[in-house]
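Could you build the full structure based on these sequences and the hints that come with them?
Each chain is listed here by its residues.
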Amino acid sequence: MVDSGDPRMIKDQIMDEHVFYINRALLKQYADASGDQNPIHQDQAFAQSVGLPDVIAHGMLTMALVGKYVSTLAGGSEKVLELGGRFTKPVVVPADREVDLTVSATVTEVVDGKASLSLSATSAGVKVLGMAKAVIQI
Amino acid sequence: MISPDSIGRTFPGADSITINQSDIDAFCAVVGESNTSVAPPTFSIRISLQQSESILTSPEVGIKWDRLVHGDQKFDIKRPLKAGDVITCSSTIESAREVAGNEIISVRSDISTATELLVSSWSTLVIRA
Numbered sequence: 016m017v018d019s020g021d022p023r024m025i026k027d028q029i030m031d032e033h034v035f036y037i038n039r040a041l042l043k044q045y046a047d048a049s050g051d052q053n054p055i056h057q058d059q060a061f062a063q064s065v066g067l068p069d070v071i072a073h074g075m076l077t078m079a080l081v082g083k084y085v086s087t088l089a090g091g092s093e094k095v096l097e098l099g100g101r102f103t104k105p106v107v108v109p110a111d112r113e114v115d116l117t118v119s120a121t122v123t124e125v126v127d128g129k130a131s132l133s134l135s136a137t138s139a140g141v142k143v144l145g146m147a148k149a150v151i152q153i
Numbered sequence: 137m138i139s140p141d142s143i144g145r146t147f148p149g150a151d152s153i154t155i156n157q158s159d160i161d162a163f164c165a166v167v168g169e170s171n172t173s174v175a176p177p178t179f180s181i182r183i184s185l186q187q188s189e190s191i192l193t194s195p196e197v198g199i200k201w202d203r204l205v206h207g208d209q210k211f212d213i214k215r216p217l218k219a220g221d222v223i224t225c226s227s228t229i230e231s232a233r234e235v236a237g238n239e240i241i242s243v244r245s246d247i248s249t250a251t252e253l254l255v256s257s258w259s260t261l262v263i264r265a
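Residue numbers (the numbering used here), protein chains in the order written: chain R, 16 to 153; chain H, 137 to 265.
These aren't lab readings, by the way, just hints derived from the structure by calculation.
Every residue gets a Cβ at the ideal spot worked out from N, C-alpha and C, and that includes glycine.
Keep in mind that the hints are not guaranteed to be accurate.
DEER-style ranges, computed between Cβ atoms [to be verified]:
#, chain 1, residue 1, chain 2, residue 2, range
1, H, Glu230, R, Thr103, 34 to 40 Å
2, H, Glu230, R, Met146, 38 to 44 Å
3, R, Gly66, H, Asn171, 28 to 34 Å
4, R, Thr123, H, Glu252, 28 to 34 Å
5, H, Glu234, R, Asp58, 29 to 35 Å
6, H, Glu234, R, Met146, 20 to 26 Å
7, R, Lys129, H, Arg264, 34 to 40 Å
Written out as structure tokens, the structure is:
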């Protein structure tokens with residue numbers, strides 16, 4: 016991803032997508048960085064015992080990666096003013112491979128030096144964040 | 137079930153917390169952020185969710201954390217956290233309702249220094265029946 020912080024962002028503009036990859040090692044790394052050691056994000060047997068198909072990513076890890084996408088569009092974390100969304104589907108992370116998190120954005124409004132973004136986040140083509148939005152300083 | 141008395145209440149953060157560079161670095165490393173001078177946008181979840189857990193699972197509120205699913209999350213960042221900030225985090229139980237036996241609780245967390253509100257965040261937490 017190229018740092019943009021592009022002041023020429025205009026309404027209805029579609030920003031380039033970025034693909035992040037999530038594997039079990041990243042889940043462990045996020046667990047340690049966030050303090051969320053819930054075993055559904057690390058232990059396959061535990062995850063399956065509570066009815067999940069396999070280990071799932073922390074919803075907040077997907078939002079953290081979306082946050083990185085937004086920071087890059089904005090030209091720095093300090094320019095991200097608002098970020099949010101709903102966790103609609105879990106991202107299932109098998110032991111033996113990585114899965115994608117594909118993020119893109121559409122500019123919905125540009126006013127007073129701020130841009131509002133509607134965000135899309137999918138994994139294997141399935142939407143994992145709903146009503147995801149951000150406001151950045153431009 | 138959540139204690140009805142706790143709805144609308146604000147719980148002050150117990151202790152002040154000093155933000156460490158190493159914690160910011162670890163969070164940045166996960167998302168591939170090379171600029172570690174400020175915390176990434178969702179970094180404060182580390183603080184607010186832990187705070188919410190300790191409040192909601194206290195005997196006076198009575199939530200069972202092991203039945204919890206994170207429904208949605210929003211951040212309003214006035215100024216990003218950075219190393220050396222000494223902050224407190226207060227949490228307000230804004231609402232609680234029951235849908236199909238699940239309890240849906242909205243919690244607002246406010247992270248402030250002694251003089252300045254830095255980050256407000258809203259978490260919708262679903263306690264499965």
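Hint check results:
1. H:Glu230 with R:Thr103: 34 to 40 Å: violated (22 Å)
2. H:Glu230 with R:Met146: 38 to 44 Å: The hint (38 to 44 Å, Cβ to Cβ) is violated, given that glutamate 230 of chain H and methionine 146 of chain R are roughly 18 Å apart.
3. R:Gly66 with H:Asn171: 28 to 34 Å: Check failed, 40 Å falls outside 28 to 34 Å.
4. R:Thr123 with H:Glu252: 28 to 34 Å: holds (29 Å)
5. H:Glu234 with R:Asp58: 29 to 35 Å: This hint holds: roughly 30 Å between Cβ atoms.
6. H:Glu234 with R:Met146: 20 to 26 Å: holds (22 Å)
7. R:Lys129 with H:Arg264: 34 to 40 Å: Holds - the Cβ-Cβ distance for lysine 129 of chain R and arginine 264 of chain H, about 37 Å, lies within 34 to 40 Å.
Violation of the numbered hints given earlier is confined to hints 1, 2 and 3; the remaining hints are satisfied by the structure.
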